[in-house]
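Trainee: Sequence:
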Amino acid sequence: MNRSAVPLAPASRQLFLAAGGTVLGRSLTGSRGRVGAALLSAVVVSGPATRLLLRG
Numbered sequence: 028m029n030r031s032a033v034p035l036a037p038a039s040r041q042l043f044l045a046a047g048g049t050v051l052g053r054s055l056t057g058s059r060g061r062v063g064a065a066l067l068s069a070v071v072v073s074g075p076a077t078r079l080l081l082r083g
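Sequential numbering from 28 applies to the sequence shown in the numbering used here.
Be aware that a few hints might be false.
What the hints assert, rightly or not - Derived DEER-like restraints, expressed as beta-carbon distance ranges: (1) LEU42 to ALA76: 35 to 45 Å; (2) ALA38 to ARG82: 19 to 29 Å; (3) LEU81 to GLY60: 27 to 37 Å; (4) SER39 to SER68: 44 to 54 Å; (5) SER68 to LEU44: 18 to 28 Å; (6) PRO34 to ARG78: 25 to 35 Å; (7) GLN41 to ALA76: 15 to 25 Å.
Note that these hints are calculated values from the structure, not bench results. Backbone N, C-alpha and C fix where the C-beta goes; we use that ideal spot for every residue, glycine too.
Using the sequences plus the hints, can you model the full thing?
Mentor: Structure below.
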C-alpha cells in the first residue's frame with residue numbers, strides 16, 4: 028500500500044462526514060425538514076405505544 032495514501036483515508040472520511048452533516052443540517056432546519064422530522068418522531072413514538080395498547 029502506498030504510505031502517502033494512509034493519512035488521506037481518515038481525512039477524506041472526515042470531510043465526507045462533515046459535508047454530509049452540513050447537507051443534512053440544512054435540510055432539517057427548513058420548514059419542510061422540521062415537518063418531516065416531527066412526523067417521523069410521531070411515528071416512532073406512536074408505534075410502540077400502539078403495540079403496548081394492543082397487547083393489553
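Trainee: Does each hint fit the structure? Answer for all of them.
Mentor: Results of checking the hints against the structure:
1. Range check, LEU42 to ALA76: Cβ separation about 40 Å, and the 35 to 45 Å hint holds.
2. A beta carbon spacing of about 50 Å between ALA38 and ARG82 contradicts the range 19 to 29 Å that was offered as a hint.
3. The hint said 27 to 37 Å for the Cβ distance between LEU81 and GLY60, and at roughly 32 Å that hint holds.
4. At about 33 Å, the beta-carbon gap between SER39 and SER68 misses the expected band of 44 to 54 Å.
5. A C-beta distance of roughly 23 Å is found between SER68 and LEU44, which places it inside the suggested range of 18 to 28 Å.
6. Against the hinted window of 25 to 35 Å, the Cβ-Cβ separation of PRO34 and ARG78 comes to about 48 Å, which falls outside the hint.
7. Between GLN41 and ALA76 the CB atoms are about 39 Å apart, so this pair departs from the stated range of 15 to 25 Å.
Comparing the model with each earlier hint shows violations of hints 2, 4, 6, 7; every other hint is respected.
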